[in-house]
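Kindly produce the complete structure, drawing on both the sequences and the hints.
For the protein sequence lines, the chains are A and B, in the order given. With this note's numbering, the residue at position 96 of the first sequence is 96, and numbering never jumps. With this note's numbering, the residue at position 61 of the second sequence is 61, and numbering never jumps.
Just so you know, these hints were derived from the structure itself, not from any lab. Computed from a predicted model, the values in this text were never measured in an experiment. Each residue gets a CB set at the ideal place from its N, CA and C atoms; glycine is no exception. Mixed in with the good hints there might be a few duds.
To be verified - What follows is a list of derived Cβ distance ranges for each label pair: (1) H84(A) to A211(B): 15 to 23 angstroms; (2) T133(A) to N91(B): 52 to 60 angstroms; (3) K123(B) to P97(A): 41 to 49 angstroms; (4) Y64(B) to S149(A): 36 to 44 angstroms; (5) P97(A) to N40(B): 46 to 54 angstroms; (6) R166(A) to D198(B): 30 to 38 angstroms; (7) A210(A) to Q177(B): 31 to 39 angstroms; (8) G151(B) to R45(A): 41 to 49 angstroms; (9) T194(B) to A225(A): 46 to 54 angstroms.
Said to hold, decoys possible - If you want the ones that stay clear, here's a sample from chain B, every Cβ over 10 angstroms from chain A, calculated: (10) D98; (11) C99; (12) W119; (13) Y131; (14) Y147; (15) K149; (16) T192.
As a plain string of letters, each chain reads:
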Amino acid sequence: MPRDRAGVRVRPVVAVAARAAAVGAALAVVAVGCSDRGDQASAARLLDGSAPPALPDALGDVDGHAVLTRVRVLRASELGEREHACLRRFRPEFSVPPGTIVVERTGELGASLTLRDVTRHVLLGCDRTDRPTGDDGPWCDRSVGRLYSGHLRDPRVDILCRGRTRERIGFGWVEPGVETRWIAVRGSGRTEIYKVAASLPVRLTTTDVAVETSSATFDLREYDAHGKEVRRQRLDASVAG
Amino acid sequence: MTALSRTSRIVTAALVVAAALGAASGAWAYHTRFVANNCNTNAPQYTSYFTRDGSITVALYAQYEGYQWAGGCWNDNDVDDSPGDPTEDPNTGGEGGDCSGFTFKVWRESLTESDAQAWQWNKLRFVHGPYTAARFKNGDGAPNVTYGKVGLIRMDALASSSHIGMIYVKNADGTDQIVEAKGEAYGTSVWTRTYRGDSNYGGVRRLGWSA
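Structure representation (structure tokens):
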């Protein structure tokens, strides 16, 4: 597996692959050309229309319709115009030098950028869905989280982004455990899996959003490099600050 | 030797008790139960008439009350009933709002961002609202717009990506008296601020005031 400049493993874009859950058991990979190619329900697509990366073998026992989100670790200087539009929205409050490590995540529901500002005391991020946001460009939200001894005290939840059918998409950061290699978020009959990258909190998405309490819920399972579940939690997080 | 040993044991026991008491005190400070014991989830009341002066009255109920990250419930006894909560911990259940929750409630906004109407939230109604300071700064939500700082008036707001405060009085020297939920160590009150001249801050206006 290739490594980026920061030494973080980056899984390359792979050919179309979808996952169908065998009855009550392990997942089976369904590649392009298989008999259910035309089954849109099982043929997962990421926000950018691409097929998700293949699930690693270690996660073969993850229950449900599991989709591995794509993660790229880049330097700010390597970002495209769309991503720079995110960084510009933080000026002049925060400075992001060209060498800043940026984690870009693309899932089925949403995509995000996560980075630290130049002081490394603040975590910055932008979120987007596939619903146009008008004058604000591609990003429907930007988040700022203060780091205390390098850690967040709050997931910095946002609940105002909307998906293609106007459903609410919640975003929030989670700090993975020391052993955690992947985080799975379950919800609405599907599971999105996020690979930990660049020692940064992982920006997750959920459709489990409660307007009345301005909060979002993340049903999480964390797995180590061998696919062993190392933590399970139901994170209810509210909009704050 | 025996007496010395007994003394040593007594001292050790005293230290353990003292440590336990200290820990218990710390635990109490982390979970005040103010919200659990005092706050409600009652429905807000729609109002077709809401003024900037009226919102000042709403804001001043919270003066001298506490500050709670992700909070939005306070009484009006001019005391922080949950002092010393850790910073940015949403689970401490303390009194007060944070900066964006305070603004949401004082501006009498809706939980639904497409709704620009005015809603009265009782001070003991626990509510934060869907906006962060960054959301307010961006003018997100139907009731909110970004606004040039020069033209800001009473009860307009100045927001950065991590804080928001409302203008109580504009001072002649270019500063403002800002009513804001400032932080756990400060609570909620009115302070003189230089946000208007700070490039990190932008102007925000709540639309639809009756007067």
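For each hint, the structure was consulted:
H84(A) and A211(B) have their C-beta atoms about 43 angstroms apart, which leaves the hinted 15 to 23 angstroms range violated. Between T133(A) and N91(B) the beta carbon distance is about 32 angstroms. The supplied range of 52 to 60 angstroms is therefore violated. As the Cβ distance of K123(B) to P97(A) is approximately 45 angstroms, the hint placing it in 41 to 49 angstroms holds. Under the hint 36 to 44 angstroms, the C-beta atoms of Y64(B) and S149(A), about 31 angstroms apart, miss the expected range.
The hinted range of 46 to 54 angstroms is satisfied by P97(A) and N40(B), whose Cβ atoms lie roughly 48 angstroms apart. About 36 angstroms separates the C-beta atoms of R166(A) and D198(B), a value consistent with the hinted range of 30 to 38 angstroms. For A210(A) paired with Q177(B), a C-beta distance near 36 angstroms keeps the hint of 31 to 39 angstroms intact. For G151(B) and R45(A), the hinted distance range of 41 to 49 angstroms is satisfied, since their beta carbons lie about 46 angstroms from each other.
Distance hint for T194(B) and A225(A): a CB-CB separation of about 51 angstroms, consistent with the stated range 46 to 54 angstroms. Some Cβ of chain A comes within 10 angstroms of the Cβ of D98(B); the nearest lies about 5 angstroms off, and the non-interface call is violated. Its closest Cβ contact with chain A, about 7 angstroms, brings C99(B) to no more than 10 angstroms, contrary to its assignment away from the interface. With a least beta-carbon separation of about 13 angstroms from chain A, W119(B) lies farther than 10 angstroms from that chain, consistent with its non-interface assignment.
A beta-carbon of chain A comes within 10 angstroms of the beta-carbon of Y131(B); the shortest separation is about 7 angstroms. With 10 angstroms as the threshold on Cβ separation, the claim that Y147(B) sits away from chain A holds: the shortest Cβ distance comes to roughly 16 angstroms. Its beta-carbon lying about 14 angstroms from the closest one in chain A, K149(B) satisfies the requirement of being farther than 10 angstroms from that chain. With a least CB separation of 22 angstroms from chain A, T192(B) remains clear of the 10 angstroms interface cut-off, as annotated.
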